[in-house]
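**Q** Sequence:
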Amino acid sequence: MFIFWNNGQLLDIFHKCAYNKRAYEKEGLAFMWTLTATARTRAAASRVWAIYCDVANWPRWDHGMAFYWPDGPFVVGTAGTLQPVGGPELPFTITYVEEGRRFDDRTPLGPDHAIIARHELTPLASGTQITHIIEIEGPDAEFLAQQMDFKQEELNDTVAHLARYAEEDNHD
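If you count the sequence shown from 1, you need to add 291 to reach this note's numbering.
Think of the hints as simulated: they come from the structure by calculation, not from any bench.
Model, not experiment: these values are computed from the prediction.
Virtual Cβ for every residue (Gly too), placed ideally from N, Cα, C.
Where hints are given, some of them may not hold.
Unchecked claim - The following label-pair restraints were derived from C-beta to C-beta distances:
no.: 1; residue 1: P414; residue 2: P350; range: 32 to 38 Å
no.: 2; residue 1: P382; residue 2: A335; range: 30 to 36 Å
no.: 3; residue 1: Q443; residue 2: V367; range: 26 to 32 Å
When you get a sec, could you build the whole thing from the sequences and use the hints?
**A** Structure below.
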């Protein structure tokens, strides 16, 4: 879902963004780009949370992720490595955890940009609402998102896959 270009293109993108950063700083502007997807599942929030914590099986429901490997417990400050399908390995840090409800991670992209991924669970009377929010922060965030080929449909599919996966019985 993320990065489908070689290092030369990546460096060129960061060069363009760094140039624009100076212009944005001069004007006092900041930019953020955001995608949001939501789905409902009959599964309880505790079940969805357990699926998040089972990082070895993320590719079973997140088809855009080759792997997501924290280097420690699922707590604030834990660093790790993720790899989008077809993309490079990228470092991340878990920046927020509200047990059973929400976690955020931050993936730096060069010196001036980062991907913030927020995963929220809202308990409902008949299940759980799952919301994933992907933000790119930094100058030229929208341009970077286009170059990285982020697509609303892919995020929608990921959240829908997670909702269905949470209702299955074959992964306990």
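**Q** The structure should be examined with respect to each hint, and the outcome stated for every one.
**A** Results of checking the hints against the structure:
The hinted window of 32 to 38 Å between P414 and P350 is violated, with their beta carbons roughly 26 Å apart. For the pair P382 and A335, the supplied restraint of 30 to 36 Å holds, since their beta-carbon distance comes to about 32 Å. Range check, Q443 to V367: about 29 Å between beta-carbon atoms, so the 26 to 32 Å window is met.
Violated hint for the displayed structure: number 1, the only one.
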